[in-house]
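Student: Sequence:
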Amino acid sequence: MEALYDQGKARAIGVCNFSSKKLGDLLEIARVPPAVDQVECHPIWQQTKLRNSVTRRAWSPLGSPGTQWIAGTVLKHPMGHGILRKSTSKERIRENFDVFDWSIPDDLLTKFSEIKQERLVKGEFYVSQDGPFKSIEDLWDGEV
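Quick note on numbering: UniProt numbering labels position 73 of the sequence shown as 73, and the sequence is numbered without any gaps.
Straight line, CA to CA, 20 Å or less: simulated EDC-like cross-link-like pairs of lysine to aspartate or glutamate:
1. K49 / E137
2. K49 / D138
3. K22 / E137
4. K49 / E118
5. K21 / E143
6. K21 / E137
7. K49 / E114
8. K116 / E40
No wet-lab data here; the hints were simulated from the structure. Note that this is a predicted model, so its numbers are computed, not measured.
Let the hints inform the model, and build the full structure from the sequences given.
Tutor: Set out below in structure tokens:
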């Protein structure tokens, strides 16, 4: 990827699902640091260990079709991270844009740190005794 970057064939390099350990290991050897780490990130899994010079982007930050834990008011309480909102219906896309007439009370903002953290996508499908990741803890470097 760095060769493609040097040749001007890539404007930036990004990674996906890197734990803080994997990202740290990469930053120690990369000549061109990744511009973004796309990870699971939402109020229940805030990824607070991923605080460094690499921008976080959340995949599915508000759930997906059929998700029940998300409510319209959650859109009005962002965590201060870059997110990519997406939807499959025009109506939901319009609703996503109609949330900018608000402000977050300080007491509510502090409550985000009180939410019990739990990774929703564990990644069991990556775990195998024959593969590089023998357990969920191994896959996520203990950040479960």
